[in-house]
Amino acid sequence: MSSFNLDVYMPVLILIAFAVVMVVGVLVAGILIRPQNPEELKLSPYECGEEPVGPAWSNFNIRFYVTALVFIIFDVEGALMFPVAAVFQKFNKIGQGGVLFGTLFLFVAILVVGIVYCWKKGDLDWVRSYQVANDDTSKKEVN
Amino acid sequence: MNSSIVSFLSEMTNFEFTSLHAFIIFGIACFLMVNVSALIGGLGTYAERKISADLQMRQGPNRVGPFGILQFLADGVKLLLKEIIIPTQADKVLFLISPLLCLAGVFATLAVLPISSGLILTDLNIGILYVLGVSSLVGVGIFLGGYSSNSKWSMLGGMRGAAQIISYEVPVTLCIISIVLMAGGLSMTTLVNEQGGLPHQWYILHNPFAFIGFFVFFIGILAESNRAPFDLPEAESELVSGYHTEYSGMAFSFFALAEYIEVFVLCGISATLYLGGYKVPFELGSGELINSTLGGPEFIGKGIGQLLQLGAFFTKTFLLYYVVIWIRWTLPRLRVDQLVSLCWKYLTPISIINLIGIAAWEWIFKGQSIFNLIASLLHSSGGGGH
Amino acid sequence: MDYTISTIAWIVLFPFFAFVINAFLARKATKIAVIISCGAIALSSVWALRIFKDFIFGNYASDFYIRKVFTWFDLNGAGLSFNVNMGIYIDNMTAIMLLMVTVVATLIHIFSTYYMKDDMNYGRDGRFFVYMSLFTSAMLGLVLSDNLLSVFIFWELMGFCSYSLIGHYYEKDGAGNANIKAFMTTRVGDVFFLLGILAIWTNIGSVGFVEMYAAIADGVFTDPANNVFGISLAAFAGMSIFMGTIGKSAQFPLQVWLPDAMYGPTPCSALIHAATMVAAGVYLSLRIFPLLDVAGLTPLVAWIGGITAFGAATIALVQTDFKAVLAYSTISQLGYMVLGVGVGSYNAAFMHLITHAIFKACLFLSAGSVIHSLHDHHTHEHVQEMPRMGGLRHKMKFTWFAMWCCTLAIAGIPFFSGFVSKDRILGDALIQALHNKVYIVPAILGFAGALLTAFYMCRMMFLTFHGEPRDKELYEHIPEEKFSWNRNLPLLILAVFTLGVWFSGSLTGQKLVKVASPEGKLEWFSTLVVKPDVNKFKTYTSEKWGNTDTRVKGIEKSHYDPKHGMTNEEEIHHVHQVHVIGAIASIFIAFAGVFIAYMMYIRKSWNPGWWVSTFSGWYRALQNKYYMDDLYIKGVIQKGLLPLNRFLAWIDMGLYDRYIVDGWAGVSKVFYTFSKWFDDLWVDTVMVDGTGASVRLFNVVLRTLQSGKIQFYFIMIIVVLAGYILAL
Amino acid sequence: MFIDIMFILSALLTLGGAFGVVASKNIMHACIYLLGSLFGVAGLYATLGADFLAAMQLVVYAGGIIILMLFAIMLTGGHKEAVNKFGLDKIPSMGSVKTFLIGSFSSLIIGSVVLKIIASIINSHDGSGKLPEFSSSVEKIGTLLVTDHVLSFEISSVLLLGALVGAAVISRPRKQ
Amino acid sequence: MVSLPSFLFVSFILFLAGIVVMIARKNVIAILLGIELILNAAALNFVAYTRFINNNLEGHIIALFIIVIAAAEAAVGLAIVIRFYQIRESIHIDDATQLQS
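Protein chains in written order, with the numbering used here: chain A, 375 to 517; chain B, 205 to 590; chain C, 90 to 817; chain D, 619 to 794; chain E, 86 to 186.
In short, the hints are calculated from the structure, not lab data.
Hints may be right or wrong, so weigh each one.
As the list claims (entries may be wrong) - Straight-line Cα separation of at most 30 Å, BS3-like style, residue types lysine-lysine; simulated pairs:
id: 1; chain 1: C; residue 1: Lys561; chain 2: C; residue 2: Lys206
id: 2; chain 1: C; residue 1: Lys117; chain 2: A; residue 2: Lys495
id: 3; chain 1: C; residue 1: Lys798; chain 2: D; residue 2: Lys716
id: 4; chain 1: A; residue 1: Lys494; chain 2: B; residue 2: Lys549
id: 5; chain 1: B; residue 1: Lys549; chain 2: C; residue 2: Lys117
id: 6; chain 1: C; residue 1: Lys693; chain 2: C; residue 2: Lys486
id: 7; chain 1: C; residue 1: Lys620; chain 2: C; residue 2: Lys526
id: 8; chain 1: B; residue 1: Lys570; chain 2: D; residue 2: Lys758
id: 9; chain 1: A; residue 1: Lys467; chain 2: D; residue 2: Lys758
id: 10; chain 1: A; residue 1: Lys494; chain 2: C; residue 2: Lys117
id: 11; chain 1: C; residue 1: Lys261; chain 2: C; residue 2: Lys206
id: 12; chain 1: C; residue 1: Lys120; chain 2: A; residue 2: Lys494
id: 13; chain 1: D; residue 1: Lys758; chain 2: A; residue 2: Lys464
id: 14; chain 1: C; residue 1: Lys206; chain 2: C; residue 2: Lys486
id: 15; chain 1: B; residue 1: Lys549; chain 2: A; residue 2: Lys495
id: 16; chain 1: D; residue 1: Lys716; chain 2: B; residue 2: Lys296
id: 17; chain 1: A; residue 1: Lys495; chain 2: C; residue 2: Lys120
id: 18; chain 1: B; residue 1: Lys296; chain 2: B; residue 2: Lys286
id: 19; chain 1: C; residue 1: Lys484; chain 2: C; residue 2: Lys561
Stated by the list, open to error - Simulated coverage check for chain D against chain B, where a stretch passes if three residues somewhere in it have a Cβ under 8 Å from a Cβ of chain B:
id: 20; segment: 646–656
id: 21; segment: 664–672
id: 22; segment: 677–687
From the three backbone atoms N, C-alpha and C, an ideal C-beta is built for every residue, glycine too.
Using the sequences and the hints given, assemble the complete structure.
Structure follows, in structure tokens:
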């Protein structure tokens, strides 16, 4: 392979197409061979046999968001570090490893400040510290 | 320098393939790959049941086929014939899209799985990053599955699943970066080829940081694939069945299939990153040694080399697969707060330190592994007397 | 070592960085701060040792020096040249001084970890070490300075540290007053010092020592055209700068601050008020010695030194406070150094500076060791009163030993360092007295002071360590002294260096060329430290702002020259004879002092009480320090300054306030009436309200635009952008 | 040949997703359409030879931002219809005919402006532009990031730190 | 087929879709979706230009930082939206007309 060729992306498309075909095909084919007996109770959401109460799309805990927030920052950080990590050895061979180490270290160190901040402020605790104050409710917060 | 199955075949047969040929070859190869992985996934369910039965001093499935090995086929046929129930209040479009997202995300990762030096479907330059990207679709799929069911259990499971998957992606990403840093490239073949066939040439034993990093990575992929002890999204004792509570029939089986294939893929990737991947000792994999010893046409040696590489890869992968199942039936499930604090307060700091440590190691010791260092030390101390 | 500013400056910067770090660290992590302080000064001492090795063992000639400068700031403009250069100047004297300062400071830092341990535990936040680091840094900077301005900067920095450290125990009554007193008293000298610097700067356009020496050689200072207030520039500048020395080194008129400075912790007394900072004044006067010499100020200097040496010694006779005795002995010894400067005994004065620094640091540390052990369980304070001590030698052997070494050294007993240096000062004073009548009184005062020194030091030792314990209860509580690295090791190291052999012999071995010094001895000190020969700097003017590195290897002929024109052999012989006589006299005097003390306090044959009752007037005068404090407070401040202040206050309040300010107010009142009318009618009604009304009109229109709806704003942006681009 | 197929597929996915975002009545669906659109953009990047950017697009958008948005949608009430204390719909309407008319009109204006700007470029390219050849962009980007753009690399870290701390402070639940 | 104008066309349509979403939607999160579309259009433009005109990697770098900034923007923006929702119980854009809570 002398040059960059987009043919290498073929399997990706083919595999995704397989996935689509599989799901759609099985569902469509299934219509023919599987039973279809809908009734009201069967189509209601499962709540341990009780009558379902209200929709499930209600407010959720903010901690999920904070987790996702810390994640996205680290995700971007990781994605940015990939190319630098990929050229590390190249630079290391010509004796510039220290420069790259410094760059990476600074980059990571700055973000570590952020995670240390979040840690100290308790954003990484699932059971937040101020909820421990009234003990009876704290256990309920674990979901 | 993108090697793929097409380039391998053209090298073997000295035939220049056009785009159309490549498409056909890729199609066939992908079809095989999907089927093999689905088979592995199916056998995974069987293996899981068998191994758990062993661990618990039971028999396990033993009726269908010899030793019950066809049990998964029977299950599959049964699921195919089951009704797909879509709850009235559900978001019907998303309800059907979410298994598709899971399955597509998992299948797409198969494209870069390096099962041998030639039989890799395509060796993208961005291989490992591509795996990270497409496998994040699984998280979206699980979340949407939970959301679209409009059931409280599903919703809780979906939220948990998404939060867990993205949380554990952080240490996993950092571990992968440290491996990329050692190998100096993102493509899967680069990652494998920088290692050697013998254990002391693997990255797990390259330096102490990488050794710790392997365990961090392994815990991370356990959590990413929602395996026990991290199976909170589908914790059957608390959340009924988690995000796929409302799914039935084939729609459910897609989730299950995706999960089992994902475990296989992730085990394969951890074998690739840390355990030398398809590398066979003494460079047997390239086939040159076999050719020079046995003589005969070139493709025979290469073919034997490829088979050896396949063997090496699958041995390592299935060993890890066994460990995954073993862990599942050994350890109890974590609480949510334990899960979160394990990720953010232990694994992430450790992996950050590992990353810095590996960078420092590579810088200070000029990329030598600890065995090389010890060897050169012994050599120099032994040679000091002269 | 490569001598550039960036390699030498580290010796100053290590303690300075320690100061900067500790300023933040001391409150939270006192232990780390202490380690950083000690480590920094130890590093500096390694640096200093390196320089010392290069200079002393490298046998650089006595007039070899290294000078590196950089322009600090540059105010050239309008035809005026105002370059301020900073730089380093290293010669043999600097090298010796650096080693002395760093080593003594290191040992004192180590001792401080013992002495200040309780203090740190009781929440004093390790501030002590912060200031000690800054102080050491400033002292080293002063020693390395190549010009008077940076000397002045570091000088003031040390003054500030001294102020802070004297007031370390701020909750004590006297400490606050003492530090203000020390600060203000030294300020008097510093004002003159600054005046001297300005006079030099105005006339030669630079304040560097080298330029100053060159200017002296060129005769700029003695040129009548440069006279200031009718006296020669040399006399004016020399006297002004010497006033700085008087303030800093606690010489005769301004000595009152030093005894009060003993309110500070004992290690800081050892470092600042005995070993280094007060010596900085003498160091400065040695640096400007050619100036003093050419101005003919040396008799005055000698008189001041002699008076100080004797007067302080007499006051020390009657002190009962342990540290006060040491404080007065410090003043007295500084008087000897100044006397040495005055009689032209350049290297002896400097040698006395070094020897004194070592044995006085040791004395103060021993005093600290004693005082720290003597803890009164009723008042919970440390005991410093000698009448409550006695017999301590059984309890603290190491301290007793170290202190005796130092006492013998300061008393001028042979084979100890004090003898070597003080004897030479006295010998030179004797020579000068034989040649010039004006030096007779200083010489007599010097010899008398030597007698008293031996006496009161032995008195102190006998009262403290010998005899029976006079306060039994206190004595019982003293813990037995065990050898500890931070308490006794510094004392013993310093005690070793009180031996005279370190200073009188040849350190440099066979490399040293034997030179014909008057005594004919192989003395490294007198060979390597000699009075600067200003004529050698004459060529320096040609490359005025350049860097100079006069690296002359090997020893040239010594210029040991106590007074001009005494170089022929007969005179050398004469000098030698006089020195021998002086040496014999001072040995006799020293033993006499020791003997008297022995008879009084050990044998108790002679009763000290008889002296007190017989000379009760003198005794009271001595106890009141010759009424000098009273004179300053009652006479100068109350009679002089307060009336002046009242007069100025009257000018301010009686004249300015009453007539000018109030009168102006009356004028304003008239304008006010008019402007009020204008303001009410025109400004308020027409302009302000009119503006408001017009704004309200626009308001109605604009309010609809500012709805707070972001999308509306966005649309407006798009429309405007589109209009703008389409219009182009 | 294949490049055209890939371009067409990616462009269709991109534009279809964008159209879905515009037209969808359900915020959750709009989010999924956005995911599709971003996948399409990743495909376009791959078509352009920017393989690293494509992967980054997948990692950051599919893995991060979409999840974050889904969480945010769930945290702000999901799909529930209710009336809040200010009398407005709790789940705001996803736009009405009026707002869409205004939006279309605005986009027409801005589109004409943009077209005016890029018209010269489109005219100067005759549509048969040959693709220059590219090898892996990862190492080149890595080299650029640590040489020419090292400052922006480090500052992006500071930006992320600021975003992390700021967002954590804003979204932290208050004790009330 | 694969040429600069075709990419510009795609990014142009993407951009316009983003503008429409930003103006027509009243849901703050939906507006953020529109912003993501616009940012992607911009990044796509950069990559296309740098591919067909400069043939270097500067555009890639800019697109990289656009993605970084988009992530930061999404994080902070959504945090603000959530906070706003906690205070106002609404994420209607027209409720956000005041700077104080």
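(request) List, from low to high, the hint numbers that the structure doesn't satisfy. (result) none
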